[in-house]
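Given chain A, put chains B and C in place with the hints provided.
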Amino acid sequence: MSIDTSKVAESNTTAATAKKPTKAGAVATWADDRLGLGTSMKKQLRKVFPDHWSFMLGEIALWSFVVLLLTGVFLTLWFDPSMAESEYQGAYDPLRGREMSQAMVSAVELSFDVRGGLLMRQMHHWAAHIFIAGMMIHMMRVFFTGAYRKPRELNWVIGCLLLLLGSLEGFTGYSLPDDLLSGTGVRAADGFLKATPVVGTYMSFFLFGGEFPGDAIIPRLYIIHVLLIPGLLLGLIAAHMLLLVYHKHTQWPGPGRTQQNVVGYPMLPVYAAKAGGFFFIVFGVVALLGGLFTINPVWKFGPYDPTKVTAGSQPDWYMGWPDGLLRIIPGWESVIGGFTLSWNVMIPILIVPPLMLTILILLPFLESWITKDNREHHLLERPRNRPTQTAIMVSLMTFYGIAWAAGGNDIIAIKLHLSINQITYFFRVMIFLGPLIAFIITRRWCISLQRHDEEKLLHGYETGIIMRSPEGGYSERHLPISNDAAYKITARPRDEVFVANGRIDENGVAAPGGKLDGLRGKLSALMFADNVQKPTAEELEAARHHAEHEHQLTAALDGHSADGHQFDGHHSVDDETLRGSH
Amino acid sequence: MSDTQHPDSHGSLEPVEEPIPNPGLHTHTWRPTDVDDHARRRAERQVSMLFGLSALCTVAFVVSYFTFKIGDNWDTFAGLGASTVFLGVFLGLALLFIGFGIIQWARKLMGDQEIVEMRHLAASSAEDRTATVEALELGIDESGFKKYKMVRRSLLMAVGLLGAPAVVMLRDLGPLPQQVENASKGTGLNHTLWGVGGTVRVLRDVVGTPIRASDLQIGDLVNAVPDGIFQLHGTALQEAKAKGAVIVVKMSPDEIVSQQGGDEDWSVNGIVVYSKICSHVGCPISLYERTTHHVLCPCHQSTFDLADSAKVVFGPAARHLPQLPLGVDEEGFLVATKDFQEPVGPSYWERDR
Amino acid sequence: MRLLNRSAGRLSRHRRGPLAGLVVLLLGLLLTGGIYSMFSPGARADETATTAEDIAAGRELFLVGCAFCHGQNGEGVLTKRGTQYGPALTDVGAASVDFQVGTGRMPMAQPGQQAVRKAVVYTDEEIRQLSAFVDSLGTGPGIPDASVYELPSDFTDEERQEAITRGGQIFLTNCTACHNFDGSGGAMPRGGFAPTLRGVEAKHIYEALLTGPQSMPSFSDGNLTPEEKRDVIAYLKETEADPGYSGFSLGGLGPVAEGVFAWFLGIGGLVAVAIWIAGHTTRSTKKKPAVSSGSTSTTGADA
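Protein chains in written order, with my numbering: chain A, 5 to 586; chain B, 452 to 804; chain C, 608 to 910.
Next comes chain A alone, as it looks inside the complex (with noise of 0.2 Å):
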């Protein structure tokens, strides 16, 4: 089934003009003859994508990761992800003599006898960063405008998951050179085993291959690293890149952007140049970083000793929030019934990010069961007009930021000069007065950037211009924003509480899910309730007179010299003298 190229050209308004088949059309027939790629590529050549700055901090994550995968490969030609005993004989000599594993070995000769071995490696380790920060921060853009709501509510658990993989991804890879530091996380990942209920010792003698450190574990973490997490992250990638073609991109609200269309720069070209200009860049930041910032030297931690360690011993900065929450719980611990539960140990890692995950995943979920919302969403919303949901990621956030902290005490400690003791207690209290100061703060924040906004819609931004009325009072002037700047305001959803009652049938018995629906009414109510709705179009067209009729009063005094609201930064000023010619 050969598809006539004709019809890509057709699609294609502005291509449409060359009659001729052009060389790309001649490449293209021959494929298509054989691949019958026309059908699905007419669409997706000219794609819509819109522009905005925070649409392109997903691509941060995905071109780290595409660095990852080349330097990762240059890495395996040389590593030897072996714990066989072997005496380093290569070219840094304070380590020259010594016993050590075959990776941490082979570690060291990547970094000091390969020519870029220890660029490709700081490359690998800094790219491993930015991937992860780079997810991280595309969650939070994607959590703060809405972008998570029907239909996308897969999407975002596909990315919550990436963002868990990409952290074990990460441990297990930090863990290959078998140095002294990262032998210290993984002991710590051994206690952790441990202190799993009932079949901890198991899986700590499964995982080492009997006791700790045995000799399994580095080569074990290799094939997860390099083949098993990777296969994983490189499908749901793939399937997050599928939904986000299918489903298109969301926009921000605006002059020609609604609901149902989407507005921006074809695919084919400044889409395909943005994004692959953005490889290059991202590409050349992680090989600059990789250059010129030390990361991971593991010749001077040396390699694994299980008697030795370092001052300073933390985990890469992902896995630093489960970290400091190890740091800051008490020593809990309790025997029932002659068995050992470490709520130390359990707390921390056990059940706390996994719950922060599970909770992660659901919040799509949770909104759409509390708003009934069953629309689809593609209209972005400002974080001020979600005041609850801002409040709840930010909230989230602060958690995180507090155990992320916690888990750098000591460093904080040196550097700031503080009592590392003190440091702990006041992270104890902050972690549960911190979520919560920041989820009252940002909501009523919002609330008030919503106050504004609406005060800006109905009485016009403020000019600055203090007027003196015959009267002797003083006003200052307000003046109507652009009719633009009114409609993105204007153009989102009116939120709704939902109402308890409303689905008592003519017996006037509740109908099935009463009782939930009570909760859902609550919940509903606290989340919106207290939220600014936009105005009608009635009430702005009463503003609207009223604002005439102002303006009437004070019109006498137009035209004036020099009355200043030519330079408050809303009118172009370039016919403006500062002193009147008339």
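Honestly, I wouldn't trust all of these hints.
Unchecked claim - Facing chain A, a subset of chain C residues (Cβ under 8 Å, in silico):
| # | residue |
| --- | --- |
| 1 | Tyr692 |
| 2 | Leu779 |
| 3 | Cys785 |
As the list claims (entries may be wrong) - Calculated Cβ distances over 12 Å to all of chain B for the following chain A residues:
| # | residue |
| --- | --- |
| 4 | Trp34 |
| 5 | Leu168 |
| 6 | Leu231 |
| 7 | Pro358 |
| 8 | Leu400 |
| 9 | Met401 |
| 10 | Ala533 |
These are calculated hints, taken from the structure and not from any lab test.
Because the structure is a prediction, the values reported are computed rather than measured.
C-beta: ideal position from N, C-alpha, C; glycine also.
Below, chains B and C without anything else, positioned relative to chain A:
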């Protein structure tokens, strides 16, 4: 063509209520490069120059690769490894110049008219969906999956059971904890090398020399391991170290508040020995303060008081560090008289059984 | 090209030119006889024999600068609650004084938890006199001689390298727990900290090991032999002289600094670029000549 009126086929994509009518797409305005040949040529030169610079950097990268030595005798640049720095910088710049060039090209020279694409509901059309559901139900029906209960249940059981091999097959990943338990070798969760063969000398870590009790001064901290450990190699050595590492400290005998031996005195002239493995998650712990006799874990800041049975004074650990019963042999060297009386390291489910 | 510099001023001979080896050999031969007598461990530096005048001068200095906290005869001063205001110095030895005063830790600006390194108050001569006085109060280790804390100059490359490797192991076992893998220092309980070891004179490191200043445990000769202490210092000095193979060190603090860097420079920089990429370019007020095709259409693919 601003499109605020949506065609019927998209009717179920509910529009947002608009108190202010949509002003519609603005008319396109042109960039200087669209209307001014001079600006266009300038942009063209700019972009090609960026690409040219990238090529130069790539050449410089290759030259750096062959120029700067690593290994025994690194070339340095301003105190940094020249190879790493120059390879990184030139690779980075080569990539950045391409990236900036392409984006400058897109911003200045590529067509930049925004275009509009209509959305569709994520769901398929009602007919398609009905047809699919019908096909699905027909298929299930024809298979008799619902009808033949016994077939269905036995299949589900059989397939479900196939999970068992997947789990069972992982059994040989490692031995069970009780299988490696051996007091005479010091293996397993409950034993260390300190219990192997009568009294065991306390050796300095790394150098492996025994410690004469009289050689230590008040305030000394020795990181030590059990005798016999240096005969081990590879995995066995690491496993023995992971449980056997201890810290030896000497304080004034009257500063010792309590010890773990009950009525027995497990110290020698103010010298006490405690496990170096933190009871929280197992980091080696030797951040010792001679003035307070506190020892701090660098991983999670559990703090133990070595003058007072190594009880926890701060942090997430719930248990003291196990103490090693200490004695002196006939030559005056420190020895452990018996193994730790409890498992060292992190807690686990069956620890107190 | 001045910055670009081969062989980097390293210590080890095999990384120098052949001439350097010869020079080291000659120096070694010349010095061997001269300093032979000082080779025995624990040899004291007071070759210039401490005289009674030194002790007297030291006492004068002590009474002015130290006695307020440590007592007129170095017996220490107790607070009302019975805790130490200034500890007794009767048995700390000259090494302790040389370290504390020589690194500026003493005299302290105010009584506090931990004396910090600061500008040195006394001259070398005064420090020698103070040390002599405190040494005369009781027992305690003397100021070590350079031969104790520096690798013998007649070491072969191999011996030298072995000593450094061994020193590294001892360092990682005994020191890094508090002072960090790169000697950058670390946090201790209740506001205490282990100071950085970088830029500290070999002599002072040796004295600190020997005497255990403040909260630091001591590594007396019965704990770590003088050779072992010397090897640790050799490792520290060797790695201090090493070039930054991997670029700037970010403070040698480990993953926390790396994470902060990845966010601020990596993500911060990339977001800045994203803002530039999506930013609107300048617009012209001019109209395009009407001949161009496609300028009127903004139709989508399926419009």
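Now for the hints, and whether the structure bears them out:
1. Tyr692: This hint is violated: C/Tyr692 lies away from chain A, its Cβ roughly 21 Å from the closest one there, beyond 8 Å.
2. Leu779: This hint holds: C/Leu779 lies near chain A, its Cβ roughly 5 Å from the closest one there, short of 8 Å.
3. Cys785: holds, 6 Å
4. Trp34: holds, 26 Å
5. Leu168: holds, 21 Å
6. Leu231: Per Cβ check, A/Leu231 is outside 12 Å of chain B; nearest 17 Å; holds.
7. Pro358: Label holds. Min Cβ-Cβ 18 Å, cutoff 12 Å.
8. Leu400: It holds; A/Leu400 is separated from chain B by about 23 Å at its closest Cβ, greater than 12 Å.
9. Met401: holds, 23 Å
10. Ala533: Label holds. Min Cβ-Cβ 19 Å, cutoff 12 Å.
When held up to the earlier numbered hints, the structure conflicts with hint 1 and nothing else.
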